[in-house]
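Engineer: Throw the hints in and build the complete structure from the sequences for me.
Residues per chain, in single letters:
There are 2 protein chains.
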Amino acid sequence: MTNLMKASQQAIAAVREARLAIRNGFDKPTAGMAPGMTQANMICLPREWAFDFLLYAQRNPQSCPVLDVIEAGGHETVLAEGADLRTDIPRYRVWERGELVDEITDARALWQQHPDLVTFLIGCSFTFETPLREAGIDVRHITDGCNVPMYKTNRLCRPAGRLEGELVVSMRPIPADKVADAVIISGRFPAVHGAPVHVGEPHLLGISDISRPDFGDPVRIEPGEIPVFWACGVTPQAAIMKSGVPFAISHAPGHMFITDVPDAAWQGA
Amino acid sequence: MTNLMKASQQAIAAVREARLAIRNGFDKPTAGMAPGMTQANMICLPREWAFDFLLYAQRNPQSCPVLDVIEAGGHETVLAEGADLRTDIPRYRVWERGELVDEITDARALWQQHPDLVTFLIGCSFTFETPLREAGIDVRHITDGCNVPMYKTNRLCRPAGRLEGELVVSMRPIPADKVADAVIISGRFPAVHGAPVHVGEPHLLGISDISRPDFGDPVRIEPGEIPVFWACGVTPQAAIMKSGVPFAISHAPGHMFITDVPDAAWQGA
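One line per chain: the protein sequences are A and B, in this order.
Position one of the first sequence corresponds to residue 1206 (the numbering used here), numbered consecutively onward.
Position one of the second sequence corresponds to residue 1206 (the numbering used here), numbered consecutively onward.
FYI, nobody ran anything at the bench for these hints, they're computed from the structure.
All clues stand as given, with none of them false.
Restraint-style ranges between C-beta atoms, simulated for each label pair: (1) A:SER1413 <-> B:ASP1386: 49 to 57 Å; (2) B:ASP1321 <-> A:ILE1389: 41 to 49 Å; (3) B:ALA1469 <-> A:HIS1408: 34 to 42 Å; (4) A:PRO1266 <-> B:ASP1321: 19 to 27 Å.
Which chain A residues stay away from chain B? Per the calculated CB distances, all over 12 Å, these: (5) SER1213; (6) PHE1231; (7) ASP1289.
Far from chain A, by Cβ distances over 12 Å, these chain B residues were calculated: (8) LYS1211; (9) GLN1214; (10) GLU1281; (11) LEU1337; (12) LYS1447.
C-beta atoms are modelled at their ideal positions from N, C-alpha and C, and glycine is treated no differently.
Structural biologist: See the structure below:
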């Protein structure tokens, strides 16, 4: 983390333009934006809950890989020079006592009202989508211009302190003859969810209707394609919901924070 | 961590015998005991300091690789069935306001006086000593039956909250024609300090006299041998000292907790 790979000048310019557009009101899912640059999930909790959350992440590293932790009150990250975490995410969710109470596009007022928020940036499976596409694997939600489908599962994470909750997964339909490639390619990125947790058989994960995701949009599954499931950085939001955390802010699923770090930095990490 | 590799029945029997001997009074460094089983550094802090410490570990993973975290008051670990962290370490150090105030062999009374201690088990470079020896590399402190030499360095860790401190390193003299092997073999174990942080030139790490380690014992360096330095799990103790933590318990350097997990479990992790 102290010696993070540097991106090219061009890539940095593109990512800054993307963050500026977001700060100025862009309000859509970020999949496919600034390709090759690391996107991150965000979750902020009061200082009093920060240890429980960091421990939850440590105990569930496949779903909650920590990329950076910003100490109480901060809104800057070593992963993105000049970025402001209060404005540079397209859409935020606001949580009270485990319930979603609001969606907003600017979180500065909330940061002022809650000066002790600790912010966690968590890896996102978007990181291995560029290598998947480079290997000739269609990433359906990018092709179709929608949000990735995400599902709560029947698998419980290992609890930590007052936090417990289900594993959330993202799903990409993959042609049967490309599943092995998709496993191998994503497996090279253990720091951003890595290889799939489940291939096919959604009902074994407790997913009764694949066309109705809990977060994001449904996508086409063509004949000959298998639904492949990866651990997802929305897992912390499921823990917020289940554990009744008094207050939290997260990104809205699919609406990520885009960093200055190339996806390649996490390969083999 | 949830699917930890299982050791053989024989290895488990050997490690239980070792822990029982320790519980019954064995009071020496543990290098070479129960070969092939993971040994761990321990550090316990009050609940109120636990977030800062877990964040310090997250920001300095090479020196502070977290193997398990035991929540406030606990003294059992998923890494060793039936073990008691209050008695199954040969020697403990007791810290007050950053100063070493006592060394003891049974910590039960302290656990009772401080019911909110959070305990961290941290990886130890002993894990790659068995593979080093299997590759024909002499591990001097095992051969000579003493403690590994450890040194504070001039390299600062990345701070976290109220915690700051120097990187501590362990040193093994390695014949010049074996240094590359030692790098490659230890590099296969990133979860337990991994490859060396420095090879030769101790003065560049701020070590003025290699024959006077800050922790452990000095070892012979034969002609043709290079001192090779690995990040060390005593690094948290340096942070305790520098940051004036009000109360802490640690293992005494070299006097480790021996788990039920084979060293091989951490290979490539």
